[in-house]
Structures are given as structure tokens and as C-alpha cells.
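Just so you know, the protein sequences line up as chains E and B, in that order.
172 is the number that my numbering gives the last residue of the first sequence; the numbers go up by one with no jumps.
865 is the number that my numbering gives the last residue of the second sequence; the numbers go up by one with no jumps.
These are computed hints drawn from the structure, not numbers from a lab.
The structure displayed is predicted, hence computed values, not measured ones.
Any given hint could turn out to be false.
As the list claims (entries may be wrong) - One side only, chain E facing chain B, incomplete, derived with CB under 8 Å:
| # | residue |
| --- | --- |
| 1 | P147 |
| 2 | Q156 |
| 3 | A159 |
Said to hold, decoys possible - Calculated from the model, a selection of chain E residues having no Cβ within reach of chain B, i.e. all distances over 12 Å:
| # | residue |
| --- | --- |
| 4 | A42 |
| 5 | P47 |
| 6 | Q56 |
| 7 | N57 |
| 8 | E58 |
| 9 | T67 |
| 10 | D70 |
| 11 | V71 |
| 12 | S77 |
| 13 | A78 |
| 14 | S120 |
| 15 | R125 |
Don't be surprised by glycine CBs; every beta carbon is placed ideally from N, CA and C.
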Amino acid sequence: MNTNMAVCIAVIAKENYPLYIRSVPTQNELKFHYTVHTSLDVVEEKISAVGKALGDQRELYLGLLYPTEDYKVYGYVTNSKVKFVIVVDSSNTSLRDNEIRSMFRKLHNSFTDVMCNPFHNPGDTIQSKAFDGIVSGMMVQTA
Amino acid sequence: MDQESGAASAGSFISLNEHEQRYYSGLHGLCQADTSGKLSSSKVAELFKASQLPPESLHKVTEVCGAKRLGYFGTSQFYVALKLLAAAQTGLPIRLESVTANLPLPRFVGLKNEPEMRYSTVPSCIDAQGAQCGSAPGSLIWTPTDRNTFRHLEAGTDKKEPWSPPRSPCSSPPRSPLTYRSYPYAKQRNGVDPQIAYESKHSSRPIVQLEQHSSPSKYGTKPTVEHPAMAQASSVERLEQQAVSDYTEDDPWRITEEQLEYYTNQFKSLQPDLGALILGAVAKNFFTKSKLPIPELSHIWELSDVDRDGALTFSEFCTAFHLIVARKNGYPLPETLPPSLRPGFMQHEEDIPDTHESTGPLIVFEDPGRRPNQMDPSIMQRLQPSLTSTKQDLKEESSKQDVKMLATSQDKVTLQLSAFPERPEPPQDLDPQMKTKTRPRSYSSTSIEDAMKKAEEPPTPPPRPQKTHSRASSLDLNKLFQQGAPGVKSGWLLPPPALPPRPTASQVSHFIGASEKTVQSKVQQPNFADFSHFREEEESSVKPEDQGPHSRFGLSTEDMTNPSQQDMTAASHNQPPQKPVRRKYLPESQNLETVPPPAVPFPPPAKTPQKLLPRQKREIQQAIRKNRETNAVLTRLNSELQQQLKVVHKERVTLESQLELLRPLAST
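Throw the hints in and build the complete structure from the sequences for me.
This is the structure in C-alpha cells:
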């Protein structure tokens, strides 16, 4: 139940440039890049809405950012304004919110591992094999 | 059986039989190949001389094999050269065609031969091998070259001493899931595997294989074990030999005693406490010196920091260091941590007393060389059962896979140790899982904050306000100084109610002296009002300082003590712990009744040696002195005023009495 979930996973830095983006049907990567980019607007909107009110107690998991006909986009923001975006196939209706949350949790976990690496400079693209592994585990297995 | 030799990698094919393979590889290892595969020409020259051929022949050989053209002896050149030497020794002309002939092995005389060493040291292995090979006595001599071979294989890109005790290939393959190692070994034993890995000195690991096994540790149970399986499938003898020989394996991931000691020293240079952690930044600077590219260092960090805390424990540090060394020696980085580098193993190693196997520098960052292992058989055996038991069934399967994999990509040089890391997967599965579980991760909205807090807590202990006054007294005095300086002095002095007669200047000066001392040493503030106590303390606190002036103090104020003692006695003798002078001064002074005549040798002693104090303190002291002077002045003033008050009071009384006397007159 772990594999075969996401179609595209992206990590976006605080300044809204991608630290890591990977999609499974690699031929459509550009489309996913675009999708992720547009989803950033929604993320910003969600952050700012909640931020005014509570600040620290803002929920990290943002939930479904917006659905399109083909897929759904989920967002997650860390306290350091690093955003995770997961694009999921719409046909994959079996995915529950909890599962998405757990995926984000794993991503976050793995991301902090990468950050802990002293050789990794924050702001660099993520080149950790461990992180890649986690992400691959979450992506849809095509063939 | 003819097999493609390593020369295949160079494109020119010569056929070597099994023994030749082994022997040549052994000799290759003897010639100390460096990372690029070139052989040390001096060693080669030595070898050639040992063949007892005339120099012209040697030149011819060099020329024919292509080394002259290239300028160095590569693997294939070396092999060809050996073949030619053999040909020459049998009397055949030195030409390339001779290479194809079926020749006996070239003989080298007087060669500093490890095989002999090994032969003598591990007779059982040799016998076993000899028996296995079923070869003529000649092969017995060469079987030690097996070790050479494997040692060479492993050291193919190693710079380690060839003379060091060979890491016998018979070393536990289960333990060292280096396919390439087990393959050749197996091949020799059973001829199971295609020579493949054996051929390429670089122990080519098919990248395909790697990719297969590169899946995250949790998923890679199967592939991991294949090498051990392979090894096991190969020969039981190996195990025997392992058990017998002390030359543990060629396992490049095993840390030798020497290496461990070296790592320990390096660790200590970074962090004296072996039980403590090296912070990430410190480790980063240190490992950056190794001049490995950052992504590789990053990967090494990922592998070695198993508890993912951003810092390295001692075992993690050794692991990282070892990986760096291996990498510098040309070993590709494994995908996951090899078993011998896992923290559990390190614990074992640390328990084992270090034995200094051989001398020589272990690892220098600029030029890492590795010492062969002399593993403690206890370690071997310890690892063996744990590993072998769990991987029996998997091994068979994976062995088959291995064969296929290896067959497919011979020419891929890197990632020889890919299988290696896979192997530890099964036992390692538990570890990362456990670790991820144990790692505190709260995923509430404040998860990051928690994590960050945790990260923050250790480094920055909250600054504690210093209530004690070792140095803080100076700080307080600073405050006082700041407060008092602007002329609030008088105000500061006066507010406390009922200004008692101030202590004498001598007291004040005493106090200053005392305060000076207390600034420097954590001596309790003497109760200045209590001279006797004060003097005692003064004497005790005088230790660090020159006693001269202070004794003078003491003597000079002795006069004052008597008159002032009345006051003193009245004063409370509590000694509030090192409160600033002034503060104690005031409450105590409240108890004093009269102000003894100020007078006195106040100033000079106070100005006595400030030498021991830093300038700031001097300034503070001066400020204090000024305050004291002001104090004294005001005290005097106060006393005078009080006297005046008394006088006035008396007058008033007299006047009142007069008034009363006059009143009856007035009333009437």
C-alpha cells in the first residue's frame, strides 16, 4: 500500500524555487512542473490566511490544494516555509487523507535528515540518495 | 579452463588458465598497483629481475607487451609481460605470438614473496586450496597467490602494503559480501562463476546489479544477501579457512586495529571525549580536508550518521572516516552501510584491545593507504554465525542472480561493492526502522518547532544570572558605578532610612581592599562593620594578593577598630554572600549609632596596588573610592548636622523651659 501513490512529488524552498521535483511518467514532467508552480499560489494563500490568526499553530498539512480533472494536488508546509507538494492521480480514489498525511510525514522526516547533513547547504537542490529512495517509494510504479 | 583475463579490459585478449590467473594477479598485487591501475615500475622491474632473464629480454618483454609504448605497466601489459617472461624462461622467442602458447608459470627467484609468507603462515588454507585445485606441487606454491589475488583484487586500487598479511580471500564471504571476491574464489573452487569480476581488476560490479539492489534498505532484503549466498554456495572450505586463518578478510569495510586507533586519535583531536559527539559543522570541516567531492561526502554522512542527529558519535565517526578512506582508495561508495561498519560492529571492535599489527602511517588524508586487516577471529566468528544463519536461503537465490548480473556487465568498473552493502539489509532492516521509530518526530503542527527546540536546547544553555560574586561582584560594582557615577551617589546613599553613623573611612578603605579581593577571589564579603571578622577574612583572602598593603590596612585600622567596634558590635554580623559593598554597607550601617570621626588614613591605602586588577577593576575601584569619599564626606556632614541638631534641640528645650517659666507670668 506504500507504493503506487503519487504521480509527482516536489519540494519547494521558501523562496519558491524548487529544491527537488520528481514525477513518474517522466515524459510529462513539464506539465507537472507547471502544476506545482500554480499550486504554489494556493499554498501561499492558505499560509497567509491562517498565519494572520495563529502563526505558530498553523497546521502543517494543508490538504487538498485544488483538484483538476486529471489529478489532485496536496500541499504541506513546514515551519521554515519549505513546501511539499504531492500530485496524485485523480483516478486513485482509494487514497485517504491519512495516507497523504503519512506521505508528507515521511517526506518531512526525510527532508530533515537531508538538512541535518552538514554537507548539505540549505537552498541547494536535494541530492540525497536516501531522500530519493523515500520519494521513489512513494511514487507510482510504472512498469 | 581458459578464461578471459583482465587484459580483456584493455582490449587485447590473452588466455590465461586458472593458475596463471591467480599467479598473475598475485604478482600484480605485489607490484603495488595504484588507483589508476598502473603498476609501480620499480616493483615491476624488481619482478623482472627476479625472473633471471637477461636484461635484453626484459627490455624486449617490456616493449612487446606495450608498456614501453604506454609508459607504464597497466594490467594487461603486466599480464602480457608475465606471459612473455614465462615464454622467455621456457626458451620461446619473446613475441606476442608466444603469449598464446600454453606456458608454465614464470618463475621468479628471490622475489620478496608474500606467497611464501602466506604459505608458511596458513598452511591449512594452502592445503585446502591445494587439494581443491588438485594441482601439481607447483600450484601449491601458487595457491598462496590466491590470497594474493584476492588481496590484490581488493587492493587493486589500494595503496596498501603488499607485504602486509594478505587478506585472504578465504575470508568469510558471508561476512564480506563482496561479490567480486566471492566470485573469484568461488570460481577457483567450483568454477561456478564466470571469472568476470575476477578478470577486471577493478572488480567490476555490474551497475545493473547495483541498481537492482539500490532500492532502499527496507526493500532490498534479497539482493543484499546474494553475495554471502554466493560465497556460501561456493565452498564450505572457505568457512573453514576463515575459521582457521587469522587473516580475516579482504573486507575493505572492516576496520583494522590500526585504523581504529588512527580514527580514535583523529576523533580525539576533534573532540577529546570519546563518548561525546562531533558536531556536524566540525565534522564537515574535517572531512572536507579529504578533498572528496561534496556530494560524496554528503553520501558518506548519510551512511554513517545512523541516528540522524546531525552529529557523529565515535563509531559513526569511524564509519565515516573509513568510508572516506575507502573512497580515496578507489572503492565506490556503497548504497547502504556495510555490515562491518555498522555501529553494532564498531562496538565490538572497540572492545577488542588494540593490537599494533604493523607500523607505518595508516591513513593520511592526502594519501590514504590501507593496512590489511588482521581481524580478530573472534570478530569473524561472531559475525559469521549471525550473518550466515540468516542468509542461507537467500544466498542461493541471490547467487544465481549474481551470476547473471555479473555476466552482463563485465566492463563496468565501479560499484564493486554494491552487493556488499546490500547484504547487510536484513539485519539492518531492523535498525533503521527502530531508529526511525525512536527518533522523536511529532507531527503536530509544531513538529518542526519541537525538533528545532530539541536541536537548540543542547547547544545553548540559558545564560544564568550570576548571583554569586566571584566576577559578578565586579559586575555589580559596575552597575553601582554606573548608577553612582552620575552623581546619584548621594541620592543612593541617602534614601535608606535612618542613616546610621557611617563606618569610618578606615572601614571603607578596608572594605575597598576587601572588595578588591572579593572581586578576585570568591571570598565572602566581609562584614565591614565587623572589623574582627573583616580582618580575618582579609587575611584569608589575602592569599592571592600581596599582603603588604592590606596588612597595612589592617594595622592602620586597628586604631579605628576600637572606637568603631562599638558600632561594629552593634552591627549585624551576618555575611550576606558577596553582595556589593554598598548594599551591605547601608543596612549594616543602619545599626550603627554614631559616626566615629571620619578622619583617618583613608585615601592612601585604598590606592594601593591595583596592579593585580585589570584596568576596569581599577576604574571601578577608583569609582568606589570616590563614592566612599563622598560617603565619608556625607557621613561627616551628617554627623555634624546631627550634632547641630542636638545643639538645636537643647536650645529648644531651654527655650521651652523658659517659656513655661514665663507663661504663668503671661497668663496672669
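For this session: State the violated hints by number, sorted upward, taking the hints as numbered earlier in the document.
Result: none
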